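Undergrad: The primary structure of each chain is shown beneath.
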Amino acid sequence: MRIGIDVGGTNTDIVLMEGREVRAWYKTPTTADVTAGIINSLRHIIDEVSLDPASLDGVMIGTTHFTNAVVERRHLQETACLRLGLPATVCLPPMVDWPDDLRDVVGNHYFLAHGGHEFDGRVISPFDESEIRGIAEQIRDRGISAVAISSVFSPVNTEFEVRAGEIVADVIPDANVTLSSEIGRIGLLERENAAIMNGCLRTLALRTIAGFRAALEQMAIEAPFFISQNDGTLMNAEFAADYPVLTFASGPTNSMRGAAFLSGLRDAIVVDVGGTTTDIGVLQQGFPRVAALAVDIGGVRTNFRMPDTYNIGLGGGSLVQSEPIAVGPRSVGYEITDRALIFGGEEMTASDVMVATGKVDIGDRSRVTQITADFAQNVEGHMLEMVTNAVDRMKTSATPVPVIVVGGGSILLQEEIPGSSEMLKPPHFAVANAIGAAIAQVGGECDRIFSLEGSTRDEVLDQAKDEARQRAIAAGATSDSIEIVDVEEVPLAYLPGNAIRIAVKAVGDLEGA
Amino acid sequence: MQLVDETALDELALGAAVLGTGGGGDPYIGKIMSRQAIRDYGPIQMLSLDELADEDLVVPSAMMGAPTVMVEKMPSGDDVLNAFETISRYLNQPIRATMSIEAGGLNSVVPLYLAARLQIPLVDCDGMGRAFPELQMVTHTLHGLSATPMAMSDERGNTLLLETIDNLWTETFARSITIDMGATALIALYPATVAQLKECAIHGTMSRAREIGRIIMNARRQEANPVDSVRAALDGFLVFEGKVSDVERRTEGGFARGDAYMEGIHEYEGKRLRLSFQNEHLAARIDDQFIVTVPDLIAVLDAESAEPITTEGLRYGFRVAVIAFPCAAQWRTEAGIELVGPRYFGYDVDYIPVEERLGS
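As given, the protein sequences belong to chains A and B, one line each in that order.
The numbers in the working numbering rise by one with no breaks, and the one at position 277 of the first sequence is 277.
The numbers in the working numbering rise by one with no breaks, and the one at position 86 of the second sequence is 86.
Hints in this document: simulated from the structure, not taken from any laboratory.
Keep in mind it's a predicted model, so treat the numbers as computed, not measured.
We put the beta carbon where it would ideally sit given N, CA and C, even for glycine.
Please note that a few of the clues may not be correct.
[Unchecked claim] Partial chain B-side listing against chain A, Cβ under 7 Å, derived:
id : residue
1  : M33
2  : E155
3  : R319
[Claimed, not checked] If you want the ones that stay clear, here's a sample from chain A, every Cβ over 12 Å from chain B, calculated:
id : residue
4  : A32
5  : R43
6  : L51
7  : D52
8  : Q77
9  : H109
10 : D141
11 : R142
12 : I144
13 : D170
14 : R213
15 : P324
16 : M423
17 : D480
Given the sequences, and given the hints that come with them, work out the whole structure.
TA: Written as structure tokens, this is what we have:
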């Protein structure tokens, strides 16, 4: 059996799953002390089904804690960035495009050194050990222990980052070092940004993961525990303490993976209706379609694989206006239980209108009798049109596709969405996030530039797939369960010599799952 | 004279990406390079050709190579200067100003970095009025101007100087040197006097780019339709609205060639657009009928925000508007069509100006 926990900004959701079956679930407000919230929800589940903690195979936790820390500029530690690539890259120093307030919090400590590689593996300038040692001493003398190291084309050759990391660890005994090649893809600034953010989250990560572990120990759970990553796969807890940045945007991914699981569909559109917004995403082979463009986190550009979602300002708490009819984007949000008409409040929300249509029965129906049937019908039609347009935007062809509706606000959708082949509202839709965490697999990626000189396209594709597979196995996947879920190839413009960039993602089931 | 500050830079880069017709790569790196230089050294003077003396020497600067490599191995900054100053040394005369060789992507903004850093003027003109994939495809070639002496620099401090018999040879040699330099090189080429540029260059391209960028940003702020605003400003035509249904890419002769297919929506429902590209968009066909070809411009814009989409960024599922607009008059001459018309790129079709095809 597995437990999935989603620690969100507002709610902490928990599910207990046995095979493909949801045995129990519970939703509770997230507490300031994350550990206490997790203990509460664990206790509730354990009591509800008289669970023997020894029967658990694993606990999977998804959390927005680290994303929020960056967005809110809280709990971040000063971090130094060491970049190898001189004399290239000088005109754009590390953190050049960061928001000023975040750069100030992190300290704007950066150092450029020789090193780096060309796209084809040649060295830009030789690695200079004494230069690195000198920089490490300066970092130590500033009292900084978090160090992010980047090197030009390190996804092609990691050697210089690894050697620099060893020297830094030697000079600064309590150093925590993040190598950019371990967390990012081609695109130096974006990969380096991720490495620096990872560095400044390390202390918080150690503390948070220790808190999770303490919660499990207190409940006598000895099963291994895992943390969700942005691509919908898992990392073990020790790894997560070293790479907190990889949890960014795991929330939408878990919700979509949970929707896929609950509906049994692998290719569909997912409509997640919350209190304030609706997120629409696309499932391809059971995984979210990935955004093509750079994604900002807290104002910092990254190139993480993030789900491609489209958001509209429509949710259960959206405010409704009558002349002309308009719904959202203003919303009462989580205060819906005080401020909506049906809950004794004074604001007309989208949920009130749905109760007035007679299709939904929540709260106090007598409080919406002044809403006419005509008006309610018009507003419902308007909301359906908003969702229909958004779904249509995300579709890749005019062919009708199945639509899975999840989230607390899904009562707003009572009629079939035009352009959908079917509309599913699976059971347990309110905890799709935690289910997504519980069912997650482990994965491995390969993303680098290959030369086609002397080898065929099929040979380099096989090589890339094999590298991704090996990384999935290293992450804990059983080798016979591994599937290649994404292959992307981009020929490099303006170059003879047939260089090609290949990105492959492999995923597999965890051992014992 | 106009001053290019950070706001103007954002407008200019956005507008140039529209004129770039899908080519030139993501302008992000070039834009933050120039922005940093403006912060460090001050805003840039942008002068029209009329504001300079006829005998003044102007040398364009640019980046050559793979934009995909540029996002990893960024320039040192000194490399941009080295190429430029090598030309000055070789010709043994001072260079009065720099300019963009093309509008679009990275190369519309690299000269801004140089102009800010050396505090020299940027001339409000270019050699294409758009972007094209090959080095000889500039209006300079139509007027018999040589691409050389051309200087190429890498970040290590190497600089090579080329003197060639014609601009096609320049392209050939420069391509292979670029590979040896690590797939990116900073270049300075086509040195010309202001008098020569008055004849051959396309005037006002940079202020036009800036104006397009400003129109798009204003339309977004006012929640007007930015696609329609930009189309109107360019005297252009809406060619298609649809969703990208397939993108086929192949590498041929060192270029990213391919075709994107789009399924129509709204009034284009049931129709299919085929867009062919070689770094830049070259030709568009609806249901196998050519409706616009080079040298006229084809821009693919995000249907809602009018954000220009590069050929490399073009993806399955994008909802786009395709607009077409007339090229500079110089490209519509016999020599112009021979240099950059549809037949040069292998399409067996005559060039017909876009307003004749779609004007009715």
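Undergrad: Does each hint hold? Answer for all of them.
TA: How the hints compare with the structure:
At its closest, the beta carbon of B/M33 sits 5 Å from a beta carbon of chain A; the interface hint therefore holds under the 7 Å criterion. For B/E155, the interface hint holds, since its Cβ comes within 7 Å of a Cβ in chain A; the closest pair sits about 4 Å apart. Checking B/R319 against chain A: minimum C-beta separation of about 6 Å stays under 7 Å; hint holds. Its beta-carbon lying about 38 Å from the closest one in chain B, A/A32 satisfies the requirement of being farther than 12 Å from that chain.
With a least beta-carbon separation of about 45 Å from chain B, A/R43 lies farther than 12 Å from that chain, consistent with its non-interface assignment. For A/L51, the condition that its CB be more than 12 Å from all CB atoms of chain B holds, with the nearest at approximately 43 Å. Even its closest Cβ contact with chain B, about 47 Å, leaves A/D52 beyond 12 Å, as expected for a residue assigned away from the interface. For A/Q77, the requirement that its beta carbon stay farther than 12 Å from each beta carbon of chain B is met, with the minimum near 26 Å.
No beta-carbon of chain B comes within 12 Å of the beta-carbon of A/H109; the shortest separation is about 18 Å. The non-interface label for A/D141 is consistent with chain B: the shortest C-beta to C-beta separation is roughly 27 Å, beyond 12 Å. The claim that A/R142 is not at the interface with chain B holds, since no C-beta of that chain comes within 12 Å of its own (minimum 24 Å). With a closest Cβ-Cβ approach of about 24 Å to chain B, A/I144 is found to remain outside the 12 Å limit, as its non-interface label requires.
No beta-carbon of chain B comes within 12 Å of the beta-carbon of A/D170; the shortest separation is about 28 Å. The claim that A/R213 is not at the interface with chain B holds, since no C-beta of that chain comes within 12 Å of its own (minimum 38 Å). For A/P324, the condition that its CB be more than 12 Å from all CB atoms of chain B holds, with the nearest at approximately 15 Å. Residue placement check: A/M423 keeps its beta carbon more than 12 Å from all beta carbons of chain B (closest about 21 Å).
A cut-off of 12 Å between C-beta atoms confirms that A/D480 is not in contact with chain B; the least separation is 31 Å.
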